[in-house]
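> One letter stands for each residue in the lines below.
Number of protein chains: 2
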Amino acid sequence: MNVGSLFQPASIAVVGASRAPEKIGHQVLVNLRPFDGTIHPVNPSAEGEIFGREFVASVTEIDDDVDLALVAVPAPVVPDVIEECAAAGVDAAVIYAGGFAEAGPEGEDRQDRVVETATDHGMAVLGPNTSGFVIPGDGLCGSFASGVEEVPAGGTCVIAQSGGVAHSLAFQTLREGRGLSAMVGLGNRATVGFPEAIGHFDDHAATDAIVLHVEGTDRGRELLEASRAADTPVIAYKVGESDVGAFAESHTGALTGDHELYLAGFEQYGIPTVESTRELLDGAAVLGDGPLPAGPNVGVITAQAGPGIIIADRIQRSGGRLPELADATSEEIAGILPGITYAENPIDTGRPMPEFGDVVAAVAADDAVDVVLVNELYEDALGLPVDRMRSLVETVEKPIVFATDGPPADFEDDVAALEEMGIPVFHSPERAADVVSLLARYGALADGGRQEPNDERQEPSDDGTADSTGVNADV
Amino acid sequence: MNVGSLFQPASIAVVGASRAPEKIGHQVLVNLRPFDGTIHPVNPSAEGEIFGREFVASVTEIDDDVDLALVAVPAPVVPDVIEECAAAGVDAAVIYAGGFAEAGPEGEDRQDRVVETATDHGMAVLGPNTSGFVIPGDGLCGSFASGVEEVPAGGTCVIAQSGGVAHSLAFQTLREGRGLSAMVGLGNRATVGFPEAIGHFDDHAATDAIVLHVEGTDRGRELLEASRAADTPVIAYKVGESDVGAFAESHTGALTGDHELYLAGFEQYGIPTVESTRELLDGAAVLGDGPLPAGPNVGVITAQAGPGIIIADRIQRSGGRLPELADATSEEIAGILPGITYAENPIDTGRPMPEFGDVVAAVAADDAVDVVLVNELYEDALGLPVDRMRSLVETVEKPIVFATDGPPADFEDDVAALEEMGIPVFHSPERAADVVSLLARYGALADGGRQEPNDERQEPSDDGTADSTGVNADV
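Note that the protein sequences, when read in sequence, are chains U and E. According to full-length UniProt numbering, the stretch in the first sequence is residues 1 to 475, in order. According to full-length UniProt numbering, the stretch in the second sequence is residues 1 to 475, in order.
The following block holds chain U by itself, in its conformation from the complex:
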């Protein structure tokens, strides 16, 4: 199956291309405008041009090789369109419409026909029941959703079972100015599922971390194996802990019940999991940009005790450890700050002071510490210890995360300087603690968790092929 034709096409056919702005077949063309390959609008009822390209009646009438068909037609017509695509030698397709495996026996039959055709011809089919995909760095927006073409290029690849969640994640990165390397809504996963998407984007130069949104899949073991095999860090967000039974089943078949099994599977295969879209994106940003943690041990340095207690509490509840520091480290800190407020880990300096950066450096250099979390509310007279951190990151290869806050106008230069040198900055104690806890779990799994699994019972069971994508294409 040629997944490369799906995600790196040179020529695209839009089947169901339309002049009517409310149609998906119109919005897809709008979103494709920055694409610098060939585009063929396909619609048997249309004539003339749209956006300067000639309508054709069928993909079979296109003379060029078409790599990818974006199929924006109603569900009943889709199986025939996919057969035409196969006959025309199209390598890949995206099917936006809902009304397939998630929608009763008739829909299941439709999906079976699509899968059979695609399998026979080795076609990579994304969807049905998806909003599509976006590769910002290539100016390639294969989604009909408005606005998602504005998401900037970044390092995180989103692979979401739900197109709606994929778009929510994309807009969150847009809001934070981070961007994505790719965004994929898998939908009903006709032939392109988690394993194929993970495999492709593991080799994608622009991708430095892969995040998964998982509701449930019939290929759980392949998902876990592909995640473990990836050289790129992978984080997973498994939803559906509580009984969302009737609702989820209407979208995902037998979603409920396997949640714990999935979590155990991810742990066994060395893939850390999170519990929100924000943790997923924060974790990807930190794992993608910075040095990877070698273990679960967190050194915390705080200039204010209250947020430090919140942070220490939260890290310990979320899989991180606060190790004892080496005697030499404690002595060094006592030398830097005689009479320090609290010299165990977490280190509490009581207030910011000029020596604060030296204390951070002493903790970071301790072999017992795999990840460093610094909490310091901004004080104008001192600023953040930017210069000391700049020399520190040149000598210590460990993730360092800052939690700080203050009047944005006053400290944004210091924050930008820290982020520039690979030190991510978060603006609440919990948000910093959550991302550091994720780093700690990643480090723990890296340390000992990514061995061959020996307990096949941990593998998630089959649970149907239909799923939620957040999109029922109204075409």
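Honestly, the hints are just simulated from the structure, not real lab data. Hints may contain errors.
What the hints assert, rightly or not - Derived, one-sided and incomplete: chain E residues facing chain U with beta-carbon distance under 10 Å:
1) VAL165
2) HIS167
3) SER242
4) GLU279
5) THR404
6) HIS427
Stated by the list, open to error - Quick look at which bits of chain E chain U covers, simulated, 3 or more residues with Cβ under 8 Å:
7) 152–163
8) 171–177
9) 232–241
10) 374–386
Claimed, not checked - Partial pick of chain U residues on the chain E-facing surface, computed with a CB cut under 10 Å:
11) LEU174
12) SER242
13) GLU279
14) ILE315
Virtual Cβ for every residue (Gly too), placed ideally from N, Cα, C.
Fit chain E to the supplied structure of chain U, relying on the hints for placement.
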């Protein structure tokens, strides 16, 4: 005890006033500049003027009545200063310095002297070991922290055990453009603790919600009773679930161990609790601005299934309920949207469409529903259902919360219009679900939880007087 003199002073003495910018006694004067009452800089070693006000050697030499002394001197000098304040008839004081009950026997003796003097004279003493307080609407910044004077006036009153956490919360509201009615860091609570602060701000016209950050207090029952007695909605964030023993004890005495007891106490007294600073502020904003929920039943309407599943899952795990809708409601929705994707609660419309607002209105009108959560990713061609919501909020008196996201420039007008009519908007499914879960818990407790407690064993036990404030004033 005259807490009014503390929080609404007409004249202030700054003891330890200083020309040296790195001194707290300087920063306090800087932060007081917008205050339109009288200010007296007090320092026996200084002469002349600072910021146009004449230095005096002692509070006893001030001719006017002084309501409030801001005491910015080192700990060893503080007990004598408090005695001078008492002798001079000063009603209230803030003590910034650390080195009291949190700092061993010598510090405990110092705090005992302060408490004795204050109690004898009915002085309201905030601190020691605090960064102070801020009342943005009065231009009154009784904190030495830089930047906190920029926090705008809003409706939420923060009462935090830790000055550091108080400032973190204040900066978060600044970042979100929300602001505060008041911010108080209690510190060691010499004579002003949770009960006094809650009582005062319950009567504060600018305050529409009170949020508490609690580590541990020796007056747990009074805290609970003051919270229950308040007419203003109160939400609590109790920290210290995991063993943060040695660190916490260095700041709060015997913090650990009582966490579950506190949570049970809050529940028994009808005070909902949260697990992060963000939930605390989001909850206060929604409870303070909008109608209060009458029960725990949430109606969810989503235009995308994937985020809807995340929301339904999260609400059910966090104390909310998704009730069955009345038959009449289901019939109405079926009439609005024949062939709707999923017509139970959560309602899933599959995609946004022009009738989406009517579906929301049908759910909101159902008597089974106490709180409404709407999830709809923005689509340019439709916008958000602003007009329909405007007519809805005139007829239905229930909290309505939106989760949406999209390109900020495209939809900020719609978002502003919703917020203008009292519908708060959040930009991730989890954040909206968390605030709605808080509303549901508040509604559940309002429904049946705020009766007289009948089990005194639920009362948190004494656990010391010292605590973390995040500040050890370096004066």
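> Now tell me if each hint is right for this structure.
We went through each hint and held it up to the structure:
1. VAL165: holds (4 Å)
2. HIS167: holds (6 Å)
3. SER242: holds (4 Å)
4. GLU279: Interface hint status for GLU279/E: holds (9 Å vs cutoff 10 Å).
5. THR404: Constraint on THR404/E satisfied, holds at 9 Å.
6. HIS427: This interface hint holds because 6 Å falls under the 10 Å limit.
7. 152–163: holds (count 4)
8. 171–177: holds (count 4)
9. 232–241: holds (count 3)
10. 374–386: holds (count 5)
11. LEU174: holds (7 Å)
12. SER242: holds (4 Å)
13. GLU279: holds (9 Å)
14. ILE315: With a minimum Cβ separation of about 8 Å from chain E (threshold 10 Å), the hint on ILE315/U holds.
This entry satisfies every hint, going by the numbered hints stated previously.
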